Amino acid sequence: MRNYCLLLYFIFIGIALQAQETAMNASEIAAFKEKVIASAKTTKTIKTDFVQYKHLDFLSDDVKTSGNMVFKAPGLVKWEYTNPYQYSVVFKEDQLLINDGGTKSKVDIGNSKLFKKLNQLIVNSVKGNMFSDADFTVSFIKSSKYNKAVFIPKDKKIASYIASFELLFNKDDAQVYEVKMIEPSQDFTRIVFSNRTLNGPVNDSVFNN
Amino acid sequence: MIRYLTISFLVSLFFVSCSLKTTEGLRQVHFNETEVENPYFLNPEIDYVYKAKIAIYKKNFGGILIIKKIGPESHRVVFTTEFGSKLFDFQFEGDTFTKHFVVEDLDKKFIVNILKDDFKLLVDEKANILAVYESEKQRIYKTQREDRFNFYFIEDESEKLQKIVNTSKTKEIVAIDFTASEENIAETIAIKHNNIKLTIHLEKFKKE
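From first to last, the protein sequence lines are chains L and F.
For the first sequence, the numbering used here gives the first residue as 1, with consecutive numbering after it.
For the second sequence, the numbering used here gives the first residue as 1, with consecutive numbering after it.
Calculated directly from the structure, the hints in this document are not laboratory data.
Where hints are given, some of them may not hold.
Claimed, not checked - One-sided and incomplete, this derived list gives chain L residues near chain F with beta-carbon spacing under 8 Å:
id	residue
1	Gln52
2	Leu59
3	Glu80
4	Pro84
5	Tyr87
6	Asp100
7	Thr103
8	Ser105
9	Glu178
10	Lys180
11	Ser185
As the list claims (entries may be wrong) - When the alpha-carbon atoms are kept at most 30 Å apart in a straight line, the in silico DSSO-like pairs for lysine-lysine are as follows:
id	chain 1	residue 1	chain 2	residue 2
12	F	Lys109	L	Lys106
13	F	Lys59	F	Lys204
14	F	Lys197	L	Lys180
15	L	Lys104	F	Lys108
16	L	Lys156	F	Lys116
17	L	Lys33	L	Lys142
18	L	Lys72	L	Lys33
19	F	Lys69	F	Lys207
20	F	Lys108	L	Lys106
21	L	Lys106	F	Lys116
22	L	Lys157	F	Lys53
23	L	Lys104	F	Lys197
24	L	Lys154	F	Lys109
25	L	Lys157	F	Lys109
26	F	Lys21	F	Lys69
27	L	Lys154	F	Lys108
28	F	Lys116	F	Lys160
29	L	Lys156	F	Lys109
30	L	Lys64	F	Lys120
31	F	Lys116	F	Lys204
32	F	Lys21	F	Lys99
33	L	Lys35	L	Lys148
34	F	Lys116	L	Lys104
35	F	Lys69	F	Lys192
36	L	Lys156	F	Lys59
37	L	Lys157	F	Lys192
38	F	Lys197	L	Lys106
39	F	Lys116	F	Lys169
40	F	Lys192	L	Lys64
Remember, predicted model here, so these are calculated numbers, not experimental data.
We treat Cβ as the ideally placed atom computed from N, Cα and C, and that holds for glycine.
Isolated chain L, as found in the complex:
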C-alpha cells in the first residue's frame, strides 16, 4: 500500500514537473523571433560547456560525452570533446579540421551540399538565428520554462537523417540552452549547454586545431 502511494505521488509530481507546452500565437512568434535575432546580432563570441546525450532505444543508459564549444562571428566554430576522450573539430570556411586524440585530418566539405547544410545548422543553432532558413518548416512552442522552435526539414535527403531538430531557448536572454536532433527512428542526440560566456575575448588561434 505504501509503495502504491509512493508511486501515485511520483506520477503526480512527474506530471506537475513536466512543463505544459502550447503553440505560440502569431504575435508571440513575431516577438520571440525579434528577441532571438536581436540577441544573435549582438553575439560576437560564445564560450560554453556542453553535455551530449546519445539516446538509442535499446540501450540501458544514454551515451554521455562532454566538452566545450567556442564560437566567433561570423562563422568560426570549435567543438571540443574532453570526456571521456579528446576530440575536436573546427568548422572553418569549407573545411573541417579534426583532431582525434592527436590524429589530425582535414575534410573538404566544399562539394558536399548535405555537409554544408549540417555545418550551417550547427553554426546557426548555436546563435539561434535560423528562422529564415527556407529548407525547414518551423513551428514555435512556449512553456513556463522555455521557448522552443521545432525545425522539420523539407529536403528528402536531410529528412532521411533528421526527422526534426529542436532548439530550446531561455525565456530571459533568448539564448539556446539545448539542442535536440531526432532521427527518423526516434533515437535522438541531445546537447545541453552550461556556463556560457558571451562576447568575451576569443583569439583566432583557438581555431587552428
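Using the hints, position chain F against chain L.
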C-alpha cells in the same frame, strides 16, 4: 640430381604457399571441449561503448561504437559519429543479419559486407571446435564458419581471450586483438585486415 632439386623446390614451394602462418610453430593436441566462447559481449545488462578510430588506406575517421546484447544470440551494433549521427545500425541474431540503417555514402555492398563480417566475428558468442593447438603460453582453438576458419587464442594463465584470427585455407584475412583488464570486459580492441588497408581501433569509454 637436377630433377631431385626441382622436385624438392616444388615441394617446398607447395608447403610454403599452403601453410597457414597462424598455426606455424604450434603443436596440435587432443581435446575434450566442444565449444570455444568469446566472453566479451555476453552481458545483456551492459552497454558496451567504445571510442573508435578507423584508418582506411590513408584516411582517418572516428566515431563511437556501441554494442549491446539484446536477446539470446542477438546483438545490436551501432556506429555513430562523435556528434551522434548514426553511420550504421546492424543486428546479428544467430546467422541472421539485419541492416537497420546505413548512411548513404557507406551503403555499398562491399563495404557493408566487410563491416558485417568484422562485427559478426567480434560479437559471435561461441563456435564449435575443430582442432586445438598449443604454444608455450596459449591454447588455440580452430573453428569454422562457411569457407573461413577462426582461431581463438586463449592465454593459459589468465584464461583470457587475447586474439581471434580469421583465415582462408592459406591466408590470414582479419585479426582481432583484445586487451582485457577487468573480468570479461575488453578495454581495447584492434581489428586489422591483411588484404586491405583497414584497421579499426576501439577503446572502451572510461567509467565516470
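- Query: What hint numbers does the structure not satisfy?
  - Reply: Numbers 3, 9, 10, 14, 26, 32, 37 - these are the hints that the structure violates, sorted from lowest upward.
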